[in-house]
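Asker: Here's the letter readout for the chains.
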Amino acid sequence: MAEVRRHRNGPVTYALRLAVVAYLVLLIGWPLALVGTHAFENGTEAIRGIFEDPDMVAALRLTAVAAVVATAINTVFGVAVSLLLVRNEFPGKRVLSALIDLPLSVSPIVVGLALVLVYGGRDGWFGPTLESAGIEVIFSTPGIVMATAFVALPLVIREVVPVLKEVGTEQEQAARSLGASGWQTFWRITLPSIKWAVVYGVVLTLARSLGEFGAVKVVSGNVLGETRTATLAVEEKYLNFDQEGAYAIAFLLASVSVLAILIVSVLRAIGARQATR
Amino acid sequence: MSIEVSGVNKKYGDFVALENIDLTLPTGQLTALLGPSGGGKTTLLRIIAGLEEADSGRVVIEGTDATRLPVQKRNVGFVFQHYAAFKHMSVARNVAFGLEIRKTPKAEVRRRVGELLELVHLSQFADRLPSQLSGGQRQRMALARALAVEPSVLLLDEPFGALDAKVRKELRDWLRRLHDEVHVTTVFVTHDQEEAMEVADEIVVVNQGRVEQVGTPDQLYDEPANDFVMGFLGEVTRLGPVRLRPHDIEVAVTPGSAGALEGTVTRLLRVGFEVRLTVQPDASPTAGGNGGGPEPVSVVLSRAHARSLDLELGSRVWLTPAVGAATVPAMVAV
Amino acid sequence: MSTVAESRRGIALPALGHDLTRASGIGLGLAMTWFSLLVLIPLAAVMVTASTTGWSGFWSVVTNDQTAAAIRLTVTAAAGVTLFNVVTGTAIAWVLVRDRFPGKWLLEVVIDVPFALPTIVAGLVLVSLYGVDSPLGLHWANTSMSVWLAFAFVTLPFVVRMVQPVLDELEADVEEAAASLGASRFTVFRRIVLPSLVPAIAAGAALSFARAMGEYGSLVLLSGNLPFESEVTSVRILSAIENDNRAGAAAIASLLLLISLLVIVALDIIQRRVARRG
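Chains as they are written, first to last, in my numbering: chain B, 1 to 277; chain H, 1 to 334; chain W, 1 to 278.
What the hints contain is simulated information worked out from the structure, not anything from laboratory work. Quick reminder that beta carbons are idealized off the backbone N, C-alpha and C, glycines included. Be aware that one or more of the hints could be misleading.
Which chain B residues face chain H? A few, computed with CB under 10 angstroms, are given here [to be verified]: (1) V21; (2) L24; (3) R87; (4) N88; (5) E89; (6) Q173; (7) G179.
Isolated chain B, as found in the complex:
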């Protein structure tokens, strides 16, 4: 057994290790594994059933589209805001930097309510105006995208800001002294040096976006085949006693999340190894 920092592995170490492992297995590991076994109780039949049901395929497609669009928006917004926060001084910077984290601590139901109050077609602040211009937000795809973008907003920024701070401005100054314009400096120097942070941010945002439930439930209207997302379908199927179907979709969603975590942790491990080389 490898020793860490010359400490002997006393009984406390073993007890702590056992307690932590047991806790994590009971809370996460075991339940997660059960979803897999439930989904495959009758072989691959349940999974195939999902892909043969046009409504379910539509739900999966809607989820994917909303997640991809929201992730694209959040990536551009996140990189821009990170640059502004790290590289510039402006009045209200501290407030903005604090408010950016707000979506992480707001209840998804409150997010949904907030969006309905402003963009609701009937009596929202902007909703009727947008409606008369032919743009429907709530009970439609734009609302789902906005709800998804809202809840995942800080993830890219939280990854990029520390890296941007650490990289510093010297490389950018060098590029500019060699004649590069601001745009060239961004594409050739800044972006490559924050590349991995952006990738982590994107993967985490994508995972979070695919799984958003509460906020989407409020704004979507949950119309079968139209505004029902995959997470809403899980609830629907479970409550309609189609447990196998619910477990099958849950299994698909869980696989994507676990895959996302694995990708990030592998990338991080590679990054850490490169950094110490």
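Start from chain B and add chains H and W according to the hints.
Answerer: Using the frame of chain B, we list chains H and W on its own:
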């Protein structure tokens, strides 16, 4: 005249970084901006480069008014203290960067990069990443990168500051030789007077946001304009009414010339080929004592000389300034 | 002869050319517009709608028996789970940083699962082990226990992920110095390690509390939303929305929002204090 700086002022909040700087640096020379940390020399260099904007004043480079030009239009090469290597690019790509920005044809880029890597002795490292180079190699890469765009002036900010003593000395010689080959107008910032004296054709001493003196290393050493320049360029001791270099003091063991300061050797230290003495002068009216008696005088002389005088602890000595010694009046101690 | 440049005192913009500054200005404008449209204006709408009924209206909504019970349960469980996380989260971070054993990387992955797993799936996951068909015989679904369980699941990563990097960077020589002065391992932990972890633990606890207060998705399938038993605040807001009682929904929502705001203020203060300490 390659670089002309006139009436440049720069403040950071209440802190005056540069005060009314006028400076002219001729084409083809290697100039050192020398001074203590926080004295404003890096700010001046960055203003010349366009990395910083002066509050007022003008910067003219090669006859063109560059005051309003952003850094990327000034055609200056800038070398940073911590290399500013583009970490994600190979050594060759780093050097090629400025040429690629200028849309130089590929074959031309390859040729120039080859030449430059040859010049800085990094040809065999062309495909490595900066992280695989030593500090000295990285700095040479940064230099090649700055030279690639054929800048009208080359500006180096404490280029050897982050390197260890041995590499520092090698790179210093190497920079001198490189400059003799390339002949680009070069300005470098340093706080190390030895580095400035060894490498530069001309030294500009900057302190507290002002230029104290401009001149060749010899001029500065032999004819310091003031107390600060003298003190910054080498050891200084006080002999009666003047301040001068410890090795510019004549030591006699018999009372001879008039006006000699008489004292006793209180410390004697051999360091290599020289001998350092501390002499406690006798209290005398010329010393202008400040209550605690006259301050001790440091003297440096060669080992052979010390031996011929038969000096030892407690010896009585008579000190006079050497003929032609650089002296400045000592400030009256309060 | 000298042209006086437009001085930008107090704004130390190192090395930014004019065009980028202009670009930054445009970027800032666009980013703020989007941020306002997506986050600030909608959240303001919640506050404004809540205030339309006045103080008495607000008070009657949040003191409604069923709502008050939901708020009481949510606050109790969120606070309890947060306290629990302070202990277990620190312990988990400790094991992840200081202990070494085969399969540890798997724990690293498992820690992040609650963060990336869709909340509705999290609920389903928990039902499979703690629901009616529980292989453990623990029938916690549809009881107040289920709320505690779901909160513990979704808030697990916060304290761990805040504490872990700090613990990782803690210099071993400080601990070794303390040990060389005769401190026992427990004393070293209590007197040397713990004080430097406090800001990270506090930040993790704040996030954990905020997350638990607003939790909804993982409870849908697990808690049964039984009034006075397992119904939480978010569910009350949702039923108000579904009954088209927007003012009532906004009133309860503004209460949650206030807690979120307090949490980010607390986080800001903690971060600033840490930054000052260096």
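Asker: Each hint should be assessed against the structure and marked as holding or not.
Answerer: Here is how each hint holds up against the structure:
1. V21: 37 angstroms, violated
2. L24: Interface hint status for L24(B): violated (36 angstroms vs cutoff 10 angstroms).
3. R87: Since the shortest Cβ distance to chain H is 14 angstroms, the answer is violated.
4. N88: Cβ of N88(B) sits 16 angstroms from chain H, so the hint is violated.
5. E89: Violated, because the Cβ-Cβ distance from E89(B) to chain H comes to roughly 13 angstroms (cut-off 10 angstroms).
6. Q173: At 6 angstroms from the nearest chain H Cβ, Q173(B) passes the 10 angstroms test, so the hint holds.
7. G179: 5 angstroms, holds
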